[in-house]
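Participant: For reference, the chains in residue letters:
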Amino acid sequence: MDIRSQISMVFHLDKCIGCHTCSIACKNIWTDRRGTEYMWWNNVETKPGTGYPTKWEDQDKYQGGWEKKNGKLKLRSTGKGRIIFNIFHNPHQPGLNDYYEPWTYKYDELFNAPEGNDQPTARPISMITGKYIDIEAGPNWDDDLSGSPVYAKNDPNLSALTAEQKAQLFAIERLVFFYFPRICNHCLNPACVAACPSGAIYKRGEDGIVLIDQERCRGWRSCIAACPYKKSYYNWNTGKSEKCILCFPRLETGQAPACFHSCVGRIRYLGVLLYDADRIDEIAKKPDEELVEAQRELIMNPHDPAVIKAARESGIADDVIKAAQESPVYKFVKEWKIALPPHIEFRTLPMLFYVPAMLPVMSSFDGKTVKNMSEGLFPDLDKARAPIEYLGKLFAAGNNSKVRYVLKKQMAIRTYRRAVTVGDVDMETAERMLLEADCSVQEAEAIYKLTSLCTFNERFVIPPAHREEAIEMMKDPLEHKQSVGFGFREEPKRGL
Amino acid sequence: MTQNTTILDYFNLFWFAVLPYLALFTFLLVTIQRYTRRGFTYTSLSSQFLENKMHFWGLVPFHYGILTILFGHLLGFLIPRQVMLWNSDPLRLYVLEVTAFVGGIFTLVGLVNIVLRRLADPRAKVVTSTADWIVISILLFQVSTGLLVAIFNSWGSFWYAASISPYFWSLLVFNPNIAYVTPLPLLVKLHIISAYFLVLLFPFTRLVHILVVPNPYLWRKPQLVRWYWNRRKIRTPEYLVKRK
Numbered sequence: 001m002d003i004r005s006q007i008s009m010v011f012h013l014d015k016c017i018g019c020h021t022c023s024i025a026c027k028n029i030w031t032d033r034r035g036t037e038y039m040w041w042n043n044v045e046t047k048p049g050t051g052y053p054t055k056w057e058d059q060d061k062y063q064g065g066w067e068k069k070n071g072k073l074k075l076r077s078t079g080k081g082r083i084i085f086n087i088f089h090n091p092h093q094p095g096l097n098d099y100y101e102p103w104t105y106k107y108d109e110l111f112n113a114p115e116g117n118d119q120p121t122a123r124p125i126s127m128i129t130g131k132y133i134d135i136e137a138g139p140n141w142d143d144d145l146s147g148s149p150v151y152a153k154n155d156p157n158l159s160a161l162t163a164e165q166k167a168q169l170f171a172i173e174r175l176v177f178f179y180f181p182r183i184c185n186h187c188l189n190p191a192c193v194a195a196c197p198s199g200a201i202y203k204r205g206e207d208g209i210v211l212i213d214q215e216r217c218r219g220w221r222s223c224i225a226a227c228p229y230k231k232s233y234y235n236w237n238t239g240k241s242e243k244c245i246l247c248f249p250r251l252e253t254g255q256a257p258a259c260f261h262s263c264v265g266r267i268r269y270l271g272v273l274l275y276d277a278d279r280i281d282e283i284a285k286k287p288d289e290e291l292v293e294a295q296r297e298l299i300m301n302p303h304d305p306a307v308i309k310a311a312r313e314s315g316i317a318d319d320v321i322k323a324a325q326e327s328p329v330y331k332f333v334k335e336w337k338i339a340l341p342p343h344i345e346f347r348t349l350p351m352l353f354y355v356p357a358m359l360p361v362m363s364s365f366d367g368k369t370v371k372n373m374s375e376g377l378f379p380d381l382d383k384a385r386a387p388i389e390y391l392g393k394l395f396a397a398g399n400n401s402k403v404r405y406v407l408k409k410q411m412a413i414r415t416y417r418r419a420v421t422v423g424d425v426d427m428e429t430a431e432r433m434l435l436e437a438d439c440s441v442q443e444a445e446a447i448y449k450l451t452s453l454c455t456f457n458e459r460f461v462i463p464p465a466h467r468e469e470a471i472e473m474m475k476d477p478l479e480h481k482q483s484v485g486f487g488f489r490e491e492p493k494r495g496l
Numbered sequence: 001m002t003q004n005t006t007i008l009d010y011f012n013l014f015w016f017a018v019l020p021y022l023a024l025f026t027f028l029l030v031t032i033q034r035y036t037r038r039g040f041t042y043t044s045l046s047s048q049f050l051e052n053k054m055h056f057w058g059l060v061p062f063h064y065g066i067l068t069i070l071f072g073h074l075l076g077f078l079i080p081r082q083v084m085l086w087n088s089d090p091l092r093l094y095v096l097e098v099t100a101f102v103g104g105i106f107t108l109v110g111l112v113n114i115v116l117r118r119l120a121d122p123r124a125k126v127v128t129s130t131a132d133w134i135v136i137s138i139l140l141f142q143v144s145t146g147l148l149v150a151i152f153n154s155w156g157s158f159w160y161a162a163s164i165s166p167y168f169w170s171l172l173v174f175n176p177n178i179a180y181v182t183p184l185p186l187l188v189k190l191h192i193i194s195a196y197f198l199v200l201l202f203p204f205t206r207l208v209h210i211l212v213v214p215n216p217y218l219w220r221k222p223q224l225v226r227w228y229w230n231r232r233k234i235r236t237p238e239y240l241v242k243r244k
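From first to last, the protein sequence lines stand for chains A and B. With my numbering applied, the first sequence corresponds to residues 1 to 496, in that order. With my numbering applied, the second sequence corresponds to residues 1 to 244, in that order.
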């Protein structure tokens, strides 16, 4: 057993209102520089939809992630052997057109235009070339299903649906969508790390954050193709790749990452998970339908004395173990089993989990009156607007029973809370539903509390980073006393 | 130098005995200085992201071509005897010469495509610096003279091993013997001089990416984890005591 700690995340999709505050918070801090204008380390997609970059989930196009070949895990894109041939031109690398060309407007023209008969306009100019452009795509171009016959229709997850289901999904007045916020998953078996020819990408031992060493990155671009979630981006100005750093400077000082902190719907949870690094390879090779369960198996119980002992032996501090015991992510993923990994069939073992959205049909309109669709509080799961098969493809590698379990539990908890607060559902029905959903009353209350009434400190249980120990291990802590300057930048010295 | 030295001799001396050392030492000093002081600038500076189609037709033939050619030049320099032995059979000589020539053509075609791409695509143009244009120009000159030499002064694989290789060796042992190169045709001399300019400018341009090709990748473990401490030791009682 090789216990390691991983800062992990849960996004509760039922609470996401698609306001993009997270994206803006991230953009303002990290990607407003030249070369990064097109990057959204955090982005929010509408599902069904093709996402950002367009059709990122389609690995026949992008060749991201791992595949099993002769019982071994292999990168689908440029792995060890092929790097020799693909280093000059990476055949699977997305280009700027797969994202969008960033632009701004010539605002001066509004003020400097000579007097004339027409209103002056601010024409769009490319932020790369500075020339006038015709905008053909932009961030969230297909937001809220806009242009869905062009975009949402091409969602790769729709392949799990029958033609009839597809027709229903896009029928007028039946249209359904939900939001899907995405950041780097800080995977346990990251394809970007394995693909980096320079060895510049690494997982931080102490918290599992995946980072790109900017000093060592040589711009071979393999990570961009290898990451199946397309969360590694190429900075065309510096010639280096960049990605979400989970705001580690904030985490190290006990603050939640910017996208978490700013989340209006409070959909985001962050906490430590302990896992057994010895079993990563074995778990990542399981058949598709077993992957969700296998990944849960990899996550260790932080209350188990044997795990605590092993964790201490591998140098995990007691306060980190304590953080793992209080981790909201552990509860959602392992105890309650209502958070699922996105596209686990890519086999990178993502450590960002999602509580899938419930999208029940509540009522129908027959032209005259609005009718309640069911006798109970919620209609049957199979009548839900977002087909289970669709969610199953997105969150459970096609194992629909995992999604069914989550939705059933959520539905039971809502019915139960309705019985408690409103009383128009009798408690007996509610408790029977809870029983059928594999949920005790205590668990229902706990889920309800952490979903609806969660405080800042309950949502974000940030372990101490212990940077002081890192310095003490590496060098004399007094080394920098009476001097200035950190990192790789040149020392502030008087010139020659 | 004898008493009959002419201005031409001084020229030869400069181009073939001074310039190579100037180039080599600049190369060594500046690449090291740049790596330690401004290591961040060591990158391929790829522009594939901005323009993904013409990129293939420029970069792929260019790199395959120039690697073949460089490897050939290196062989002639390192094992001239074996190369000459190989060439003793006409068929084998033809094979070597044709391979080299095709490599040269590939390089030239690739370079021309690179130039066209950087001129035609507005995005690729934005990321093309003056240094890039200088490098491309010298490379174009280098490859063109090389191909012309192959056409007009044929069987280069033979006489390279016989005359240029010993000249390079004389440079390497700090006993330059320019008598090997002075009688050579002008085209060959230009080819050599422009090569020295490439070496001289190498550390100031994007060419430094050649020095950081990812060879350890082939035998390293796929996953990398960085620890800032020895995690087996850090919480042991002995270590905690030592720290206090």
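It should be emphasised that the hints constitute simulated quantities derived from the structure, not laboratory data. It is possible that part of the hints are untrue.
Okay, derived cross-link-like pairs now, EDC-like style, lysine to aspartate or glutamate, Cα gap no bigger than 16 Å in a straight line [unchecked claim]:
1) A:K166 - A:D2
2) B:K221 - A:D382
3) B:K233 - A:D2
4) B:K233 - A:D318
Which residues of chain A face chain B? A partial, calculated answer using Cβ under 7 Å [stated by the list, open to error]:
5) D144
6) L145
7) P197
Per label pair, the in silico range of CB-to-CB distance [as the list claims (entries may be wrong)]:
8) B:Q223 - A:V150: 16 to 22 Å
9) A:D318 - B:K53: 42 to 48 Å
10) A:G95 - B:W219: 28 to 34 Å
11) B:P237 - A:C19: 23 to 29 Å
12) B:I105 - A:L110: 33 to 39 Å
All residues carry an ideal CB built from backbone N, CA and C; glycine is no exception.
Participant: Hint by hint, say whether it matches the structure.
Facilitator: Each hint tested on the structure:
In summary, the hint linking K166 of chain A to D2 of chain A is not supported, as the alpha carbons are separated by about 46 Å, beyond the 16 Å threshold. For a cut-off of 16 Å, the pair hint linking K221 of chain B to D382 of chain A is broken: about 46 Å separates their Cα positions. This hinted pair checks out: K233 of chain B and D2 of chain A have alpha carbons roughly 14 Å apart, not beyond 16 Å. At roughly 15 Å between alpha-carbon atoms, K233 of chain B and D318 of chain A fall within 16 Å of each other, so this suggested pair holds.
Here the hint on D144 of chain A is broken, as its CB sits about 29 Å from the closest CB of chain B, past 7 Å. Residue-level restraint check for L145 of chain A is violated (minimum Cβ-Cβ distance to chain B is 29 Å; threshold 7 Å). The restraint placing P197 of chain A at the interface with chain B holds, with a minimum CB-CB distance near 3 Å, inside the 7 Å limit. Roughly 39 Å separates the CB atoms of Q223 of chain B and V150 of chain A, a value that falls outside the hinted 16 to 22 Å.
Between D318 of chain A and K53 of chain B the Cβ separation comes to about 56 Å, which falls outside the hinted range of 42 to 48 Å. A hinted range of 28 to 34 Å holds for the C-beta pair G95 of chain A and W219 of chain B, which are about 31 Å apart. The supplied range of 23 to 29 Å is broken by P237 of chain B and C19 of chain A, whose beta-carbon atoms lie about 51 Å from each other. Distance hint check: the CB atoms of I105 of chain B and L110 of chain A are about 54 Å apart, inconsistent with the given range 33 to 39 Å.
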